[in-house]
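Undergrad: Given next are the chains, with one letter for each unit.
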Amino acid sequence: MSTATTHDAHHEEHPSGLARWIFTTNHKDIGTLYLLFALLMFIVGGAMAMIIRAELFEPGLQFVEPQFFNSMTTMHALVMIFGAVMPAFVGLANWLIPMMIGAPDMALPRMNNWSFWILPFAFAILISTLFMDGGAPAGGWTMYPPLVLQTGNAFPFLIFAVHLMGISSIMGAINVIVTIINMRAPGMTMMKMPLFVWTWLITAYLLIATMPVLAGSVTMLLTDRFFDTSFFDAAGGGDPVMFQHIFWFFGHPEVYILILPAFGIVSQIIPTFARKPLFGYSSMVYATASIAFLSFIVWAHHMFTVGMPLTGELFFMYATMLIAVPTGVKVFNWVSTMWKGSMTFETPMLFAVGFVVMFTIGGFSGLMLAIAPVDFQYHDTYFVVAHFHYVLVTGAVFAIMGATYYWLPKWTGHMYSEKLGKLHFWLSTISVNVLFFPQHFLGLAGMPRRIPDYSPQFTEFNQLSSIGGFAFGLTQLLFVYIVIQTIRGGEKASEQVWEGAHGLEWTLPSPPPYHSFSTAPEIK
Amino acid sequence: MLVSKTRRALTAGAGAAALLSAATASADYKLNLTRGVTPISQGAYDMHMLILWVCVAIGVVVFGTMFISIIRHRKSKGAKPAQFHESTAVEIVWTIVPFVILVSMAIPATRALVAMEDTSNSDISIKVTGYQWKWGYDYMDEGVSFISTLATPKEQIYNQQDKGEHYLLEVDNPIVVPVKKKVRLLITSNDVIHAWWVPKLGMKKDAIPGFINEMWFRIDREGTYRGQCAELCGKDHGFMPIVVEAKNEADYRQWIADQKGAKAADAAAADRDWSMAELMERGEKKYAANCAACHQASGEGIPGTFPALKGSAIATGPVAQHLDRVMNGKAGTAMAAFAGQLSDVDLAAIVTYERNAWGNNTGDLVQPSEVKAAR
Amino acid sequence: MSEAHGGYYVPHGANWPIVGSIGLTTMLVGLANYLNGSSVGFTMMLVGLGIVLFMMFGWFGTVIGESESGMYNDQVDKSFRQGMSWFIFSEVMFFAAFFGALFYARIFSVPWLGGADAVTSDVLWNGWEAAWPTNGPGEVGGEFESMEAWGIPAINTLLLLSSGVTVTFAHWALKKNKRGPLVLWLLATVALGFTFLGFQMFEYYHAYHEMNLTLGSGVYGSTFFMLTGFHGFHVTLGAIMLTVIMFRCMKGHFTPEHHFGFEGVAWYWHFVDVVWLGLFIFVYIL
Ligand code: HEA
Ligand code: HEA
Ligand code: CUA
Ligand SMILES: [Cu+2]
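Residue numbers (our numbering), protein chains in the order written: chain A, 1 to 524; chain B, 1001 to 1375; chain C, 2001 to 2286.
The set of hints was computed from the structure by calculation and includes no laboratory data. Every value quoted in this text rests on a predicted model; they were computed, and no experiment measured them. Incorrect hints may have been included.
[What the hints assert, rightly or not] The list that follows gives simulated cross-link-like pairs (lysine-lysine, BS3-like), each with its CA atoms no further than 27 Å apart:
id, chain 1, residue 1, chain 2, residue 2
1, B, 1263, A, 419
2, B, 1263, B, 1182
3, A, 340, B, 1077
[Said to hold, decoys possible] Here are some chain B residues the structure puts well away from chain C; computed CB gaps all over 12 Å:
id, residue
4, 1114
5, 1127
6, 1289
7, 1325
[To be verified] Here are the computed distance ranges between Cβ atoms for each label pair:
id, chain 1, residue 1, chain 2, residue 2, range
8, B, 1173, A, 311, 29 to 39 Å
9, A, 128, C, 2184, 35 to 45 Å
10, C, 2184, A, 130, 30 to 40 Å
11, A, 186, C, 2244, 33 to 43 Å
12, B, 1096, A, 181, 27 to 37 Å
13, A, 130, C, 2061, 36 to 46 Å
14, B, 1173, C, 2126, 19 to 29 Å
By construction, the Cβ of each residue, glycine as well, lies at the ideal position given by its N, Cα and C atoms.
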C-alpha cells in the first residue's frame, strides 16, 4: 500500500561524492542543495549586515567608505532575498511537496537540477563584482536609474546575475506548479492539500508572473546604458520613474513570494502542536489567493513620493490597505487554531508563535506605511527598514527556522537537541527585537535609510540596534551548530516524529526512502 | 473631526508611550514622529497617532487572546484539544470588522492627502534642483539663486575633530522663506533622483531628472528647520542636508535684497582682470566645495568611478576643451554641467586652479571674462 | 541510468544542466566583459554560446531518444504540456514589461513632458509639445522618420497569420497520420517564418540607413526596436524549432496520439503570432 516498498533498490546506481550532487535529479538531494546554499548565503548576507551595523555603531566614518557602505546595503539585500530566503523556500518545496502529495519525485527532475545549478553561478558572478573596478553595485537593491547606470564595471554583471536568478526561479516555479497539478496521489483533491502546498502553488504563480517582468526591467537598464535607448531618460521621452513602476510591479508580489510559503509553514506547525486541526482551512486558501491577487495592484505604495497624480496615490493607498483584510483572516485563524487546543511548545512551535506575533507587528507598520499622507514622512527612513525586517527576518526567516526544526528529524532521521533549539529561539527573539525595534524610533525621529553616517541625535538607538545585530548574528552560529549536530547523529526519530503531526510525509520512515512514494498512497 | 476625537480618547494610552520617551526626554522629536510646524506635518502627525493606536488596540486584542490561550490551553495543564475547525459566521465577522476599521482610517487619510497635493494659490515659488551632492535653489520671481552644500568639515566626519552641534545637518547657504506664506517648491534634479525632505515641514518629494514635482508648505513659527536628502543618490547621499530658515516678512525682504546685492557685486567682479594668486585662492575653495566630492581634494579621483584630474589629458590640454567639460559636463555620466551652477569668477578660478594644482603646472591663467565669452 | 517509478519516469543523473550553467555563465560573463570594452569578451561569449548550443542538442537529443523509445507515459506527457504552457506564460509576461514601457511612455511620460504637466514642459523643456512618435524633448538621436504600418509590417502580419494556419493544417495532418502533407505544411510554415524574418531585416536596414530610425531615436526608437527585436528573436527561435520538428517528422517521429514535441512548438508559434498582432496594433498602427 502506501509506503515505498522499493526504497533504495537502486542504491548501487547512485554516483557518490561530488558527482552525486552535481548530476542528481532527486528531489531530496536537490532540496538539500538548495537549503545548504541558502544557509551559506544567509551567512554571506549576514556578514554584510554586520559591516553595516558596525559602521552605524557611531556617527562619523569608522570602518568603510560611503561608496562601499552602499555596496554592502545593496549586496546584503540581493544576497538575502535572492540567495537566502527564496532558495530556502524552494529547498523546502523540493523536500516536502512530493512527500506531502504522495508523488515519487518532482514532475520535471532534470529541470529541477538545472534550476538549482544556475544559482551558484549567478551568485559567483554577483559576488565577484566586489572586486571589480568601480566596486560592487551600490545603487540599492531596487536598482533605480539613473543612479544604477553610474555603476562601474560591475554593471553588466549585476544585470546578468539577476537574469540568471530569474531563469532559475521561473524554472523552479514551473516545476512546483506542474508537480502539484499533475503528480498528486489519487484522492488528494486540491482542497485536501496541506496548506504548505497551497501557499507554494500560489507563490509559484506569482513567480512566473513577475520574474520575467524583473528580467525585462533590468534588460531596459542594460540597453539604456550600452545601446543608447531612452526608456528612463526624460530627454528622449522616457522617465526614470517608469523603471520604478516596472520594478515594483515585480517587487511587491516579490515580497509576498517571500512570505506566502512562510504562512504555509506556520499553518502546518501550529495545528501539530495545538493537537487540533487548522481552523478555517478553506478560508486560509481563499485568503492566500486574495493576497496574491491584491499584490498585483498595490505596487506604487513604494512610490508615493515620486509625484504621482492624486488619483493614483489614492488608488494605491486603498488597495494596499485592503491587503490587511485577508492577512488578518490568516492571523485570526492561527489564533483560533491555538484556542482550546492542547498545546506544547517544542522549538518549531516557539518559532511559529514568534512568527505570528512579530510578523503581525511588521504587518501593522506596513499598514501605517500604506497611508500615503503619513508615508511622506516615513518613506526612505529607518521606519521602513524596521517594517521590512520584521516581516522578512522575524517573518520569513523565523518561519524557515521553524520549518527546519519541524522537519529536520524527518529529513535526517535524528532528533535535534530540544534544549539547544529552545535556547536558539529565545536568544534570537530577544536579540532580533533589540536589533530592529529601535529602528522604528530612528525612522520616526527622521533618520534616512541607506546612509553611512548620521547626526548624533540618533546615536543611542543605533548602538542598541548594532548590539542586537551582533547578538542575533552570533546566535545564528548556534543554529548552524544544531543543524550539523543533528545531521551527524542523535536520538532516532520515529515516523510520525510529533505526536500531533498529520499528513503523508509523516507516514514515511525517517529518513524517507530515496523515491518518496514509488506507489501512490491512497488518501481516504 | 474623527482624528482629533480619537486622539483625545487615546490620550490616556499615550501615557505608555511617554514612559518610553522619558528615557530620552530631550525632545519629542527623538522617539516619535515630529508634530512639526506646518498644517501638513500636523495633519500627518494626527494620522500617524490614529493608526498607531488602532494598531496597538488590535494588537492587544489579538495577542491578548493568543496569550490567554497559550497560558490556559497547554497540554501540561491537562487541556484536551477541542475539535472545532470551521465557522463561516466567524470568518465573515473578522473579514468585515477590519474592513470597517480600514474604511474609517481611509476617510481622514484621503482628506489629508487631498490637502497636501493642492499647490494652487501659492505666495512664492522656489525651484529646487538636486545635484550630486548638493541642492540648488532658485527664487523664480526674485532672480535669486544659489547652491547649498554641506558645511560640516571632513575632519569631523573622519573623527579627527569633535562633532559640532548640527553635525551633518548644516549647510553653507540655507534656504530662507517667510513665515505664514504658502511656499511652493518646484523640485527637479540634474543627475540622479534625490528627495527633498524636512521632517518638521511634513512633506517629502522626489527630485526626478527631467521632470518637476510640486509641493508646498506654510510655516507657522520662525526658526531653523533641518532635513536631509531622502533618496539614495550615490556615494554622498548621506551628506547633502537641507536647512530652512523661516523668517518674518521684513527679515525675509532684507535677505532677498542682500542676495541681489551680492549677485551684482559678483557680476562686476567678472569684468576685471584677476591675478593668479587671487584665482588660485578662490579656486581651491570652490574646488573643495564643488568638485572634491568626486575628483577628491588630491585631484586623484576614485579609480574606476571618477577620473583623476591630476595629470589628466583634459586638465592639462587646451583650455577651451577643459572649460567646455566643466561648463557643459558630459552627458550620461556623473559629470554635470556647471555653467548654470557657478558664476564666471568661480568657474575661472576652478579651472585655473585645476590647471596649476597637484603638479599640473601648465601656468595657464583663465580670466572670468573668458568664461563669460564662452557661455 | 533511468527508471520508471509507479509508471512515472524519473531520470537519474542529469549531466546536461551543469553543462548548460557553465555555458550560460561563460556566455554572459563574456558579453559583460565585451560591453565593458575588454578584448577577450567577444570570443568568450561565442565559446559560451557554443557550449549552450551543444547542451541544447545533447539535452533535446536525450529527451527525443527517451520519448521515441516509449519511456514517457501519459502523465509525463501532461507534465511536459503544463511545463511548456507556463513557460510560454512567462514569456508573455516578459513582453508585457516592454508593452508596459510603451504604454507608460505614451500615456504618461511623453504627455507630461509635453504640456499635460505645464510646469515640467515650461520650466525644463522650453514649452516642448507632446507628439507621438517622438524622440523626446531633447530630440535624442536627431530627426527621424517613423515606421509606416501599411507597407512591410502589413505584409508581415499576413505572413505570420498564414503561418499560424499552415501549422494547424500540419497538426491535422499529423493527427490523421498523413506524413506527406504534414511535412509539406510544416515546410510552408518554416518558409513563411523565414520570409517574415527576411522582411524584418530589410525593414531594419531601411530604418537605420534611410530613416535615421535607430535604437537611439528616443523612446519611440527604444520601444520600437526592443519590442520588434525581441519578437524577431522569438520568431527565429520558433522557426528553428519548427525546422527541427520538420526533420523529426521526416524521420517518422511522433504518432497521432503522442506528439508533444510537435504541439509544444506549435503553441510557441501561436504565441509568437499573437505577440505580433499586439505589436502590429500598438507599435505600428496606433
Ligand atoms: C515579506 C515581506 C513583506 C511583507 C509580507 C510586507 C507586507 C506589507 N507591506 Fe511591506 N515592504 C517589504 C516587505 C514586505 N511587506 C519590503 C522589503 C519593503 C521595502 C522595499 C524597499 O524599499 O527596499 C516594504 C515596504 C513597504 C511599503 C513602502 C514604504 C516606503 O518605502 O515608503 C509599504 C507601503 O505601503 C508597505 C506596506 C505593506 C503592507 C500594507 C503589508 C501587508 O501585507 C501587511 C498586512 C498585515 C497586517 C496588517 C497584520 C495582520 C492583520 C491583522 C491582525 C488584521 C487586522 C488589522 C487591521 C485592520 C489594521 N511595505
Ligand atoms: C530576507 C531579507 C533580509 C534579511 C534576512 C536581512 C537581515 C538583516 N539585515 Fe537587512 N535588508 C534587507 C533584507 C534583509 N535583511 C533589504 C531588502 C534591505 C534594503 C536594502 C536597500 O536599501 O537597498 C536591507 C537593509 C538593511 C539595513 C539598512 C541599510 C541601509 O539602509 O543603509 C540594515 C541596517 O541595520 C540591515 C540589517 C540587517 C541585519 C542586522 C540582519 C540580520 O538579521 C542578519 C543576521 C545574520 C547573520 C549575522 C549571519 C549569520 C551568522 C554568522 C555568520 C555568525 C557570525 C556573526 C558575527 C560575526 C556577529 N539590513
Ligand atoms: Cu541626494 Cu540622496
Ligand atoms: Cu510593497
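Undergrad: Holds or violated: are the alpha carbons of residue 1263 of chain B and residue 1182 of chain B at most 27 Å from each other?
TA: It holds: about 26 Å lies between the C-alpha atoms, which stays within 27 Å.
Undergrad: Please check whether the beta-carbon of residue 1114 of chain B is more than 12 Å away from every beta-carbon in chain C.
TA: holds (18 Å)
Undergrad: Just to be sure I understand the hint, the distance between the Cβ atoms of residue 2184 of chain C and residue 130 of chain A should be within 30 to 40 Å; is that true here?
TA: violated (57 Å)
Undergrad: Hinted pair, alpha-carbon criterion (27 Å max): residue 1263 of chain B, residue 419 of chain A. Please report holds or violated.
TA: Given pair residue 1263 of chain B, residue 419 of chain A is violated - Cα atoms ~74 Å apart, limit 27 Å.
Undergrad: With 19 to 29 Å as the target window, see if residue 1173 of chain B and residue 2126 of chain C comply at their CB atoms.
TA: Since residue 1173 of chain B and residue 2126 of chain C have Cβ atoms about 28 Å apart, the given range 19 to 29 Å holds.
Undergrad: Please verify that the nearest CB of chain C lies beyond 12 Å from residue 1325 of chain B's CB.
TA: The claim holds: residue 1325 of chain B sits with its nearest Cβ about 19 Å from chain C, beyond 12 Å.
Undergrad: Going by Cβ atoms, does residue 1289 of chain B stay more than 12 Å from chain C at every point?
TA: Nearest chain C Cβ is 25 Å from residue 1289 of chain B, so the label holds.
Undergrad: Under the criterion that the straight-line Cα-Cα distance not exceed 27 Å, is the pair residue 340 of chain A, residue 1077 of chain B satisfied?
TA: OK: residue 340 of chain A and residue 1077 of chain B at ~12 Å, within 27 Å.
Undergrad: Can you tell me whether the CB distance of residue 186 of chain A to residue 2244 of chain C sits inside 33 to 43 Å?
TA: holds (37 Å)
Undergrad: Given the hint of 27 to 37 Å, check if residue 1096 of chain B and residue 181 of chain A actually sit that far apart at their C-beta atoms.
TA: holds (33 Å)
Undergrad: Decide, holds or violated, for the assertion that all CB atoms of chain C are farther than 12 Å from the CB of residue 1127 of chain B.
TA: violated (7 Å)
Undergrad: Just tell me: holds or violated, for the beta carbon distance of residue 1173 of chain B and residue 311 of chain A against 29 to 39 Å?
TA: Holds, at about 38 Å.
The structure fails to meet hints 1, 5, 9, 10 from the earlier list, while all remaining hints are met.
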